[in-house]
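> Listed below, chain by chain, are the residues.
2 protein chains.
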Amino acid sequence: MQVKMAKNYGFCFGVKRAIEIAQKNKDSLTLGSLIHNPKEIKRLEQDYNVRVQEDVNTIEPHKKVIIRTHGIPKNDLSKLKDKGAQIIDATCPYVIKPQQIVEKMSAKGYQIVIFGDANHPEVKGVISYSSTPPLVVNSLEELQTQKLGKKIALVSQTTKQTPKLLEIASFLIARCAEVRIFNTICNATFDNQEAVRELSQEVDIMVIVGGKTSSNTKQLFHIAKEFCSDSYLVEDFNDLNPEWFSGKKLCGISAGASTPDWIIEKVRVQISQI
Amino acid sequence: MQVKMAKNYGFCFGVKRAIEIAQKNKDSLTLGSLIHNPKEIKRLEQDYNVRVQEDVNTIEPHKKVIIRTHGIPKNDLSKLKDKGAQIIDATCPYVIKPQQIVEKMSAKGYQIVIFGDANHPEVKGVISYSSTPPLVVNSLEELQTQKLGKKIALVSQTTKQTPKLLEIASFLIARCAEVRIFNTICNATFDNQEAVRELSQEVDIMVIVGGKTSSNTKQLFHIAKEFCSDSYLVEDFNDLNPEWFSGKKLCGISAGASTPDWIIEKVRVQISQI
Chain Y
225 MQVKMAKNYG
235 FCFGVKRAIE
245 IAQKNKDSLT
255 LGSLIHNPKE
265 IKRLEQDYNV
275 RVQEDVNTIE
285 PHKKVIIRTH
295 GIPKNDLSKL
305 KDKGAQIIDA
315 TCPYVIKPQQ
325 IVEKMSAKGY
335 QIVIFGDANH
345 PEVKGVISYS
355 STPPLVVNSL
365 EELQTQKLGK
375 KIALVSQTTK
385 QTPKLLEIAS
395 FLIARCAEVR
405 IFNTICNATF
415 DNQEAVRELS
425 QEVDIMVIVG
435 GKTSSNTKQL
445 FHIAKEFCSD
455 SYLVEDFNDL
465 NPEWFSGKKL
475 CGISAGASTP
485 DWIIEKVRVQ
495 ISQI
Chain B
225 MQVKMAKNYG
235 FCFGVKRAIE
245 IAQKNKDSLT
255 LGSLIHNPKE
265 IKRLEQDYNV
275 RVQEDVNTIE
285 PHKKVIIRTH
295 GIPKNDLSKL
305 KDKGAQIIDA
315 TCPYVIKPQQ
325 IVEKMSAKGY
335 QIVIFGDANH
345 PEVKGVISYS
355 STPPLVVNSL
365 EELQTQKLGK
375 KIALVSQTTK
385 QTPKLLEIAS
395 FLIARCAEVR
405 IFNTICNATF
415 DNQEAVRELS
425 QEVDIMVIVG
435 GKTSSNTKQL
445 FHIAKEFCSD
455 SYLVEDFNDL
465 NPEWFSGKKL
475 CGISAGASTP
485 DWIIEKVRVQ
495 ISQI
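Protein sequence lines, in the order shown, are assigned to chains Y and B.
Taking the numbering used here, the leading residue of the first sequence gets 225, the next gets one more, and so forth.
Taking the numbering used here, the leading residue of the second sequence gets 225, the next gets one more, and so forth.
Since the hints were made in silico from the structure, they are not lab data.
A hint or two may mislead.
Claimed, not checked - Below, computed lysine-lysine pairings styled on DSS-like, alpha-carbon distance capped at 25 Å:
id, chain 1, residue 1, chain 2, residue 2
1, B, K321, Y, K332
2, Y, K384, B, K240
3, Y, K375, B, K375
4, Y, K384, B, K374
5, B, K332, Y, K332
6, Y, K328, B, K328
7, Y, K332, B, K328
8, B, K240, B, K263
9, B, K375, Y, K332
10, B, K374, Y, K328
11, B, K263, Y, K375
12, B, K321, Y, K375
13, B, K263, Y, K374
14, Y, K228, Y, K436
15, Y, K332, B, K388
16, B, K388, Y, K388
17, Y, K328, B, K375
18, Y, K321, B, K375
With the sequences and hints as input, model every part of the structure.
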């Protein structure tokens with residue numbers, strides 16, 4: 225069976241990059257989970273002795289510490305430096321951006337508005353870079369009760385949706401003399417969907433790899449089904465049924481954002497041998 | 225009859241200011257019409273010998289020249305300076321703002337987007353302050369076919385409506401890494417409407433002064449009528465009918481944005497004498 229992978233699938237750029245960094249740095253610590261994927265965290269611990277430590281205060285001096293994809297608060301970074309830690313930064317470049325913007329804009333006197341979840345590690349990190357207390361809102365409603373300055377800088381948590389950011393931006397523009405809007409949303413999820421839409425139109429059969437309860441995986445499956453009636457959702461290679469492929473020539477493959485590459489790879493090899 | 229004026233009515237701040245400047249500067253020229261109101265321009269010419277000259281090239285050296293409310297292109301200003309003109313600036317401060325923003329932002333490398341009518345004197349002036357060719361769009365549709373940079377600065381013609389500005393801003397935010405939005409819309413028209421809405425709820429009778437074909441005057445009349453059934457639209461004091469006022473105690477007055485103060489004043493005096 226001939227196989228074609230979607231243009232974008234599975235883990236996003238920042239997660240793949242962090243895993244590569246972790247694999248190159250055996251016997252290191254990560255401050256908090258490197259990525260939001262327990263299976264992969266377990267594999268990194270078993271195969272590379274990369275262990276998670278939750279509290280910066282309990283990390284011993286002069287350790288090799290990997291900064292997680294979501295970044296960490298500035299204060300924690302200082303503590304690591306004070307401990308003489310060997311710091312390896314796996315913060316996603318798309319997360320570093322809002323950190324830098326918030327640092328620069330708050331120094332220039334702009335009131336900072338962060339569209340995001342104040343309890344999410346990424347947002348906690350971004351908040352810490354503001355020299356003045358930022359407004360952190362998870363919805364337009366939360367913003368409506370706040371007192372606003374004349375000059376605003378707006379950034380977004382990377383995983384938010386653009387239409388919601390636009391609602392917040394519109395509210396600010398109508399009320400403030402200057403609004404500087406930095407679109408720090410990352411399109412990774414959207415790109416995976418777009419790639420399935422394309423690929424499923426040129427293949428005989430589509431296989432989506434991912435958890436059957438994962439909402440983004442199911443979304444990919446529904447998009448595939450729309451364009452290719454012979455579409456299947458599998459958790460791993462054990463779910464494959466050779467009968468699906470009889471009379472087919474080209475199989476397209478994609479995977480949910482939380483599916484590790486090694487699971488996808490096993491599915492790809494298995495299908496190509498049918 | 226007791227009379228109460230609306231909190232805001234008639235000419236906007238910038239127009240009133242320009243008329244005062246013209247009245248203080250008898251025997252001067254204006255480059256293009258000082259304001260968009262032929263009746264008032266005629267009065268200034270008759271009573272103050274303030275005359276309109278349309279072409280900067282025909283203005284003789286060392287003249288006293290008033291800059292119109294809409295501003296003029298930078299190049300015309302240079303020509304006036306070269307002629308040794310005594311320049312009196314009646315540019316509305318709300319128009320100077322987008323001129324300054326466009327000058328600063330284009331120098332900083334932002335791609336300039338102006339929401340406005342490229343043929344309007346105000347917009348022609350603003351365009352002239354950009355060191356790079358700006359995109360001038362009168363609608364979202366006009367923007368959709370344009371090539372956009374990563375860093376955008378957006379300003380608006382002062383008389384545009386906020387919802388349309390928001391449409392354009394949203395389009396840019398979804399596509400560009402940074403959008404600096406300067407809300408340079410002036411709320412004068414909206415303020416006049418809001419003031420009529422308030423006043424018409426506390427009076428027995430409302431009189432709106434303005435042209436019967438003027439769309440903003442008719443809008444004020446409809447708002448008044450909504451809250452005060454005894455509302456009337458008059459072009460000047462000749463239209464007043466004393467019968468309207470029988471049994472009434474308090475009369476509210478407002479006027480359209482193109483109604484000169486002296487016409488309003490005559491109406492006010494006439495009503496207070498009923």
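> All hints are to be evaluated individually against the structure, with a verdict given for each.
Hints, one by one, checked against the model:
The suggested pairing of B/K321 with Y/K332 holds, with an alpha-carbon distance near 20 Å, which does not exceed 25 Å. For a cut-off of 25 Å, the pair hint linking Y/K384 to B/K240 is broken: about 47 Å separates their Cα positions. As the CA atoms of Y/K375 and B/K375 are separated by approximately 18 Å, the hinted pair is consistent with the 25 Å bound. About 20 Å separates the Cα atoms of Y/K384 and B/K374, which keeps this hinted pair within 25 Å; it holds.
Restraint check: the Cα-Cα separation between B/K332 and Y/K332 comes to about 16 Å, which is no more than 25 Å; the hinted pair holds. Taken as a hint, the Y/K328 and B/K328 pair is honoured in the structure, with Cα atoms around 19 Å apart against an allowance of 25 Å. A hinted pair counts as satisfied when its Cα atoms are at most 25 Å apart, and Y/K332 with B/K328 qualifies at roughly 16 Å. Using a Cα cut-off of 25 Å, the hinted pair B/K240 and B/K263 holds, with the two alpha carbons roughly 14 Å apart.
Only pairs whose Cα atoms come within 25 Å are accepted, and B/K375 paired with Y/K332 is accepted, the gap being roughly 18 Å. Under the criterion of a C-alpha separation no larger than 25 Å, the hint pairing B/K374 with Y/K328 is consistent with the structure, at around 18 Å. Restraint check for B/K263 and Y/K375: not satisfied, since their Cα atoms lie roughly 40 Å apart, outside the 25 Å limit. With a C-alpha separation of about 15 Å, the suggested pairing of B/K321 with Y/K375 holds against the 25 Å cut-off.
Straight-line distance between C-alpha atoms of B/K263 and Y/K374 comes to about 38 Å, which puts the hinted pair past the 25 Å bound. The hinted pair formed by Y/K228 and Y/K436 meets the criterion: a straight-line CA distance of about 22 Å does not exceed 25 Å. Restraint check: the Cα-Cα separation between Y/K332 and B/K388 comes to about 29 Å, which exceeds 25 Å; the hinted pair is violated. In summary, the hint linking B/K388 to Y/K388 is supported, as the alpha carbons are separated by about 18 Å, within the 25 Å threshold.
Distance restraint check for Y/K328 and B/K375: the Cα-Cα separation of roughly 16 Å lies within the 25 Å cut-off, and the hinted pair is therefore satisfied. The suggested pairing of Y/K321 with B/K375 holds, with an alpha-carbon distance near 15 Å, which does not exceed 25 Å.
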